[in-house]
Amino acid sequence: MHAAATELTLRSGRAVFDEIRRAAARLDGVAKRTPVLTSRSLDAAVGGAVFLKADHLQCVGAFKFRGAYNAMAKLDDAARRRGVLTYSSGNHAQAVARVGQMLRIETVIVMPDNAPAPKLAATREYGARVITFDPSEQTREDVAAALPEARTHTLIPPFDHYDVIAGQGTCGLELLEQAPQLDRILVPTGGSGLLSGCSVVAHYLGTRCDVIGVEPALADDAARSLRSGRIEVAHDTGRTIADGTRTTSVGQRNFALMQAYTRDVVTVSEEAIRRAMRFVFERLKQVVEPSGVLGLAALMEGAVSADGRSGVILSGGNADPRLFAEIIGAPAGDR
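The numbers in the numbering used here rise by one with no breaks, and the one at position 209 of the sequence shown is 374.
Hint data in this document are derived by calculation from the structure and do not stem from the laboratory. Quantities reported herein were computed from a predicted structural model and do not represent experimental measurements. Just so it is clear, CB atoms sit at the ideal spot from N, CA and C, and this is done for glycine as well. Careful: at least some of the hints might be erroneous.
What the hints assert, rightly or not - Computed list of lysine to any residue pairs in SDA-like fashion (alpha-carbon distance at most 25 Å, straight line):
hint	residue 1	residue 2
1	Lys450	Arg395
2	Lys197	Ala243
3	Lys450	Asp208
4	Lys239	Ser204
5	Lys450	His400
6	Lys239	Glu271
7	Lys197	Met267
8	Lys450	Asp183
9	Lys197	Ser393
10	Lys239	Asp325
11	Lys197	Glu436
12	Lys197	Glu302
To be verified - Computed Cβ-Cβ distance ranges for the label pairs, DEER-style:
hint	residue 1	residue 2	range
13	Asn279	Leu320	39 to 49 Å
14	Arg179	Arg316	28 to 38 Å
15	Lys197	Ala282	47 to 57 Å
16	Asp208	Asp242	25 to 35 Å
17	Ala495	Asp241	28 to 38 Å
18	Met267	Gly403	27 to 37 Å
19	Gln346	Asp183	42 to 52 Å
20	Gly212	Arg443	36 to 46 Å
21	Pro200	Gln346	33 to 43 Å
Using the sequences and the hints, build the whole thing.
Listed below in structure tokens is the structure:
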């Protein structure tokens, strides 16, 4: 645990863990209990036992469904009638839209105009009203705050929200039930909702499991933040193919939990991300988006030791078809 953790953070961490337990009960029968996949060829390649939590098979194709449902299911009737507002580059947008469809809640979602087309399309198909913007000129938070709905709708951001963190943390809770005695869990990291939730789970279950975040080297704000002890801002994150990590910074609530319970955050190259995508497709016959394979990329690139037993969360499967085809179809000499 980092020295910067305060007693207040520790108390709030216990409260978050208790809410993760309640979120698991709330999601029971609604969210999928996604499987854990293994591969002998992967174990041989990295030199350790690897357990892949397949949350790319979750509802809407991403772990984000867990947090969106937990937060929206807790709204009272008056809040449900008013509606929900959020902003997202894709997977949280789809999750909020789908939950809104399920619970009959109006959803208004701010998305960058360079979000993957399939994610934009799916969000609209789930019934959300989508507001697009140019991320080179505006921030999504400013766009959302300027909407009339900001005064009436409940804002449910993609990661800096305790109910969202708690819902996302259920992914780590399931993994540790399905594959106990892990030495480490590798978690894709953008705003750090999944990372902070999983870190709390590992700590309060009393495991000796290190929780390590993984982000692209081209969007390394979480790694820099954990090292500096303050929230750092990312610039020009649009260069990474891992669109789910194109956040400008981690959330304040997330960062406090990370400081207390996260062991480390490491980075991986763009080629490592591509190589991991190809591996899970060719060897496991799974389609996982770039952000979703970050943990596996860290093992395959050697950014993290693979000794012992490693849990890896495959966080999303909403790959852009054109990008996926380009990566999978790359000539052998370019791999």
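Tell me the numbers of any earlier hints that the structure contravenes, in ascending order.
The structure breaks hints 1, 2, 4, 5, 8, 9, 11, 12, 13, 15, 16, 17, 19, 20, 21; every other hint is satisfied.
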